[in-house]
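Trainee: Chain by chain, the residues:
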Amino acid sequence: MGRAVLPVRVDARLLLPVATFVILLGAIFWLQPRTMSYFGLNLMLNLAVPLALATIAQMMFLTINDLDLSIGSFVGLVACITATWLHDRPWLGVLALLGCIAGYAAVGALVQWRQLPSIVVTLGLSFVWLGLAILLLPSPGGNAPDWLASFVGFHMPLVPLPIVACVVIGLFTHVLMMRTSFGVVLRGMGGFSRAVERAGWSALRARMTLYALAGCFGVLSGLALVGLTTSADANIAQRYTLLSVAGSILGGCSFFGGRIAPIGTVIGALTLALASSALTFLHLGADWQVGAQGAILIAVLALRALTGREREA
Amino acid sequence: MPSSCVPLATESSHADRAHSLVRFTEIAKSFGPVRALDGVDLTIEAGECLGLVGHNGAGKSTLINLLTGALAPTSGSMEVAGAPGSVHDPRAARALGIRCVFQELSLCPNLTVAENTRLVHPGLRGWNWSRRAASLIEAALDTVFPGHRIRAGATVASLSLTERQMVEIARAFTTTDIAPRLVILDEPTSSLDASTASQLLAHIGRVTQRGCSVLLVTHMLHEVLESADRIAVMSDGRVVGCDPAGVHDRDSLVALMSGGTHRASVARLAADRRTGSSQVLRATPKGGEPLVANQGEVIGLGGLAGHGQTEFLVDLFSARTMAMVAGDRKRDGVFPLWSIGENISVGAYRKHLRHGLLNLASEEASAEEWRGRMKIRAPDMGNPILSLSGGNQQKALFARALDSDAGIILMDDPMRGVDVQTKQDVYAMIRAQAAAGRTFLWYTTEMDELYECDRVYVFREGRIMAALGPDEITEERVLQASF
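Line by line, the protein sequences are chains A and B. Per my numbering, the first sequence starts with residue 1, numbered consecutively. Per my numbering, the second sequence starts with residue 314, numbered consecutively.
The hints are simulated quantities; they were obtained by calculation from the structure and are not laboratory data. Among the hints, erroneous ones may be present.
To be verified - Covered stretches of chain A, as calculated for chain B (at least 3 residues, CB under 8 Å): (1) 15-21; (2) 194-201; (3) 248-260.
To be verified - Pulled a few chain B residues facing chain A out of the computed Cβ check, cut under 10 Å: (4) T381; (5) L424; (6) R431; (7) L432; (8) S503.
We put the beta carbon where it would ideally sit given N, CA and C, even for glycine.
Bound-form chain A, shown alone (with noise of 0.2 Å):
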């Protein structure tokens, strides 16, 4: 096939969130014409790589049908881990990040293994990573370790560092999921895991893996949002819980059947929060942005419901 020189086969589905993304953008240039530049773009989606990382680790449950509500708290207590340990004790940190990964898999074997709804576990989940948060870091505070603040805050030439995160993340991802013989066995797990599982796979470790690749991402989210922000606090990603479900689903993933799309999934983080940065130049005031952003929301999924039902037919 002569388009299989290019990673990525055009598809249909990435038609909405391109187009959602687009339009959005356009806006954001017509109100404020100083985004439209190096500075105003960096400003704008640096703030986006974190969610977009969170996104991804999302995608990972969605790809064998399950939730997890609990990414939200987890990226908060690795923005504490990373603030306070990895700054003061860079080892002790890197073991427990490491750890962190390490406890995803644990749960994704016991979600396996008895066979729970993912949604119950990482509800309550939620909880005790929030818990162990505020253990650590009982009020806002801490220090990003140096080389992350300067990582982060490296300055690019010519192109945003956030805009070529942005495109090395989909891009990794799409390969990983979409074009290795490894992602055929996690998607086929998400699809008709009987089947793939007579075929001699085993669905544990399918499982465990798309788990512990979640944790990765939400560990490498935390990270990016303390190199950010320099400082961290347990509640500082809860909202990402349910941006990434609604990101996700907007840039073109299922809930069932194993159907995922990464670098929609991408793409979808960035509108989400773009849209916020729009609502902002509205002049729109804050007790009215939440409510407008879940309206913004609930309009661009509503969209893709639709597109999606008319491929089904």
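Since chain A is already given, all that's left is putting chain B on it; use the hints.
Mentor: Just chain B now, with coordinates in the frame of chain A:
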């Protein structure tokens, strides 16, 4: 006594034994009290196509599951490719060259055709795996189904059912590291059209010539008669006959399946019934013969599973005059979180309404009454329904239907996986209720239950193929019309 299915030649000469790819000796498999396989002797020779036929529940699926490593035998010995011992798991089956095309298909709808091919070949990885997978499956499709129009890059969800089955079949014949030595085809033509089905049968001829064995499991008797070298007939967990295909025709196969026994119908109900009772139902499924039911009759719907009986009952159902007893208890029968009593009274809860509120005392009294009438073995009808055994849950579902004032009770193969004692209790209840003037429409896949009916309609492909009166209900007559 289990009859043997070993070709004469191999019994004497030891040298020929090496040619048997699979050898089952006295294989039995029980699920609790149910004996799915009851001493099966069977061989599959290298390079032969063995046909396997039998009625629903004869044990064919269990046999397939033993070969693919999904189940282990309870007793008996199994030998595959000269190595004794059972097939432990799907990987072991693959390593032995055993491939299976499952009737309910095992493709992931969210993956492409090529990606689904990769799933069954652990060796398809590393650089360029997707191109190798694509050319592998395309070559297999070209060989088995020349002229197919399936792209390897197409998502399975976008394919028609026929195309999916074609992919599943072609995938079983692909080779990377281990060449297939035995391909099991379970109802492979159920979604194929006539021309693709004949392409498949031609391909079976080609691969067996190259030394690959095929186990063809099908209800399409003409297909096994055409393509199989030998035909094994199963009935009640045993192989009741295994002969070269040449000695058989359709009638002889059907006679074997019915076990050669000609049990007479027990027309016990018709005798003491008022004659000339009024007709309560007349329906014509799919433009075939009409089905007529009179008041107080027990009407059996027979035929192979999945030939339109359930759909007919669902179409027929109307909540005002009928009640339905579901077959799939777990899926559309019980309310798992409710008590036994609530599960019974929900069917006719209006009876217990007082001023718009439920009268719990009357609900409880009626639950107690049904416990006695149905002999439900529970210490307390307030216990959760899931605390009951499967058979007693089914009794509660019967009670729900009978508790209503519906004149017609539809039953969708409700006695699957129910113990013998419960069945006898329920049969007695049905007889008593029919005598009291209720009409039963009873779809069942078990021959013994058809004997309990006054008349039987046999379904095939959604139509009624035969209407059997009280004196005509025999296993042979039913099977004749089913195939």
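Trainee: Checking hints one by one. Is T381(B) an interface residue toward chain A, by the C-beta closer than 10 Å rule?
Mentor: T381(B) check passes; min Cβ-Cβ to chain A is 8 Å, inside 10 Å.
Trainee: Could you check if R431(B) really has its C-beta closer than 10 Å to a C-beta on chain A?
Mentor: Holds: closest Cβ of chain A sits about 5 Å from R431(B), inside 10 Å.
Trainee: Could you check if L432(B) really has its C-beta closer than 10 Å to a C-beta on chain A?
Mentor: Holds - the Cβ of L432(B) comes within 10 Å of chain A, reaching about 5 Å at its closest.
Trainee: Mind taking a look at whether chain B covers the stretch 248-260 of chain A? Criterion is 3 or more residues with CB to CB distance under 8 Å.
Mentor: holds (count 3)
Trainee: Taking 8 Å as the Cβ threshold, is the statement that the stretch 15-21 of chain A is covered by chain B upheld or broken by the three-residue rule?
Mentor: violated (count 0)
Trainee: Does the closest beta carbon of chain A sit nearer than 10 Å to the beta carbon of S503(B)?
Mentor: 17 Å, violated
Trainee: L424(B) was flagged as interface toward chain A. Is the shortest Cβ-Cβ separation under 10 Å?
Mentor: Cβ of L424(B) sits 6 Å from chain A, so the hint holds.
Trainee: Establish whether the coverage given for the stretch 194-201 of chain A by chain B is satisfied; the threshold is a Cβ-Cβ distance below 8 Å, and no fewer than three residues must meet it.
Mentor: The restraint on the stretch 194-201 of chain A holds, since 8 of its residues have a Cβ under 8 Å from chain B and three suffice.
In terms of the numbered hints stated before, the structure departs from hints 1, 8, listed from lowest to highest.
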